[in-house]
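Listed in order, the protein sequences are those of chains A and B. Numbering follows full-length UniProt numbering, in which position 11 of the first sequence is assigned residue number 11; successive positions increment by one, without gaps. Numbering follows full-length UniProt numbering, in which position 22 of the second sequence is assigned residue number 22; successive positions increment by one, without gaps.
Derived from the structure by calculation, the hints contain no laboratory data. One or more hints might be untrue.
Identical copies go unnamed one by one, so any copy, or any two together, can satisfy a pair.
Capping the alpha-carbon separation at 30 Å, the derived lysine-lysine pairs in DSBU-like fashion look like this [said to hold, decoys possible]:
id : residue 1 : residue 2
1  : K52       : K71
2  : K122      : K108
3  : K108      : K52
4  : K122      : K71
5  : K114      : K52
6  : K52       : K122
2 protein chains.
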Amino acid sequence: MLGRVNHVAIAVPDLEAAVASYRATLGASVSQRQALPEHGVTVVFVTLANTKVELLEPLGDASPIAAFLEKNPSGGMHHICYEVEDIIAARDRLQRAGARVLGDGNPKIGAHGKPVLFLHPKDFQGTLIELEEV
Amino acid sequence: MLGRVNHVAIAVPDLEAAVASYRATLGASVSQRQALPEHGVTVVFVTLANTKVELLEPLGDASPIAAFLEKNPSGGMHHICYEVEDIIAARDRLQRAGARVLGDGNPKIGAHGKPVLFLHPKDFQGTLIELEEV
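Work out the full structure: start from the sequences and follow the hints.
In structure tokens, the structure reads:
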């Protein structure tokens, strides 16, 4: 069911400092910053040869990564996103297996303009998993 | 400097349960378990189309993931491993930029039989980064 790893998301308290780490210190290719107010984050993409890392900084008062950064003030790996071909079929299979889908169970349009779902970390060894239909 | 994402490592308290989650619930291809006593972990590989996820369970009394699981009893994303062409050149560049390499600064032979180094999470937004020479 799982396809490619679309991205690994890292929540950071200071996006400028994070961009400097990845661009100057690690020598990676880092995109311009994009504010995504409807998702409550500002994001940059670190392009690797086979996938990407997304660095996320909170944006606005109700950012979905605010609680994570309260618990992990330095930042940390926040979620991993896997591609699926059919997100409704994936959701139905997961729910039949007893896994919990966050929110109302219906896909939302994610930061890349594609339908996404998040799975409850308690059902997957403490890892927040995003599924994205591609 | 950074090449492919070689793997994302997830520390888990119960490898059998984790294998069941990834194989049966998520429908992923999961390897047989491999005990790596010299690395203090038992590991399985989840094969994705473009990279892999490694599920790590502590093995023995001095497992390098024991402290992480004490802080995160359900498990969680533990580190991300990037490939580099020349690990000594990578280390020297990182140290010149002020980043801290864990241990004595010399590469060790990692779980895949290749030279590896770990970078201090405090220098990279709370993310433990492994570099592997390929």
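Hints versus structure:
1. Taking the shortest Cα distances, K52 and K71 sit within 30 Å of each other both inside one copy (25 Å) and across copies (27 Å).
2. Within a single copy, K122 and K108 get their C-alpha atoms as close as 21 Å, which meets the 30 Å cut-off; across copies the closest is 34 Å, which misses it.
3. Proximity of K108 to K52 under the C-alpha cut-off of 30 Å is found in both arrangements, the shortest distances being 21 Å within a copy and 26 Å between copies.
4. Proximity of K122 to K71 under the C-alpha cut-off of 30 Å is found in both arrangements, the shortest distances being 17 Å within a copy and 15 Å between copies.
5. Taking the closest pair of Cα atoms, K114 and K52 come within 30 Å of each other both inside a single copy (16 Å) and across two copies (23 Å).
6. In this assembly of identical chains, K52 and K122 lie within 30 Å of each other by CA distance both inside one copy and across copies; the values are 25 Å within and 21 Å between.
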